[in-house]
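Chains as they are written, first to last, in this note's numbering: chain G, 1 to 111; chain L, 1 to 113.
Any given hint could turn out to be false.
[Stated by the list, open to error] Think about it this way: if two alpha-carbon atoms lie no more than 25 angstroms apart in a straight line, the pair counts; the simulated DSS-like pairs of lysine-lysine are: (1) G/K110 <-> L/K78; (2) G/K42 <-> L/K24; (3) G/K42 <-> L/K78.
Derived by calculation from the structure, the hints in this document are not laboratory data.
Note that this is a predicted model, so its numbers are computed, not measured.
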Amino acid sequence: RKEVEQDPGPFNVPEGATVAFNCTYSNSASQSFFWYRQDCRKEPKLLMSVYSSGNEDGRFTAQLNRASQYISLLIRDSKLSDSATYLCVVILSGNTGKLIFGQGTTLQVKP
Amino acid sequence: DAGVIQSPRHEVTEMGQEVTLRCKPISGHDYLFWYRQTMMRGLELLIYFNNNVPIDDSGMPEDRFSAKMPNASFSTLKIQPSEPRDSAVYFCASSWDSIYGYTFGSGTRLTVV
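Bound conformation, chain L alone:
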């Protein structure tokens, strides 16, 4: 199993541009999570899906952020328009259970200049 696959690994973009982060969960995992990590705030849950349905998006910072999961093998996190304060590492994780079996992807390091 290739694990949770995220792309791109690094993204540098200018303020105001649209950014799309991608995630392929582990096959058979019913849960998918998007986290953001910064030095100031640590790891924060943005949104999670169960069987492709968004369950809790209370961590999404504002309307500029949106996430979709069109099928069991793919999810996107979009930021439009991006701002410098969005600079962070964005992790995707998937799990076969709501509590156990979490596996994180390698993350996308986003820099907005």
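Next comes chain G alone, as it looks inside the complex:
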């Protein structure tokens, strides 16, 4: 079983739609969680951290459910520029520095 699992998609949605991605992680000792964004043929970039209480950044909302070991990302009012691959990232407790990436979920927003 992979340490971090995501539905690869692709998710094809129209502009203005709301879309949600989920990610599950296998190690209950995981302590830090992030969503990264990767555009085609580019490097990954941090989108947002994920906190236990949930957090929001504009149109983006991230949630963490430790009991069920999953993380979610909600994008409201999708823009064409949101088209990218979204990577779920986990860091294990005590494992300094080692980001564990999911395979990514591809989003395509269409006009």
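Following the hints, position chain L against chain G.
What follows is chain L alone, placed relative to chain G:
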């Protein structure tokens, strides 16, 4: 700040040849990471350094791969001899903290024929 700088951007080489990838981290970042990305396996951590010292190289696939960080501003990842299955995008990243502040370079797209 110029960000994390990797070279070359693209490398095409023949099987059996030695390949050296280079990385210049952001000044002041104490952590440096080498990742490999393929369609099949996604992003995998190969090795990382803290203050120029290798901390975890458990992701290095085999003895053909080696990495060095002779000083705080330079690191290399070497593959000798290269094989077609090494074809991937190799990313270098640096960070001021073990968890936060990761910045990736633009990557080196390696093709071994």
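Hint by hint, here is what the structure shows:
1. Proposed proximity of G/K110 and L/K78 is contradicted: the alpha carbons are some 42 angstroms apart, above 25 angstroms.
2. Of the supplied pair hints, the one linking G/K42 and L/K24 holds, its CA atoms being roughly 18 angstroms apart against a limit of 25 angstroms.
3. The suggested pairing of G/K42 with L/K78 holds, with an alpha-carbon distance near 22 angstroms, which does not exceed 25 angstroms.
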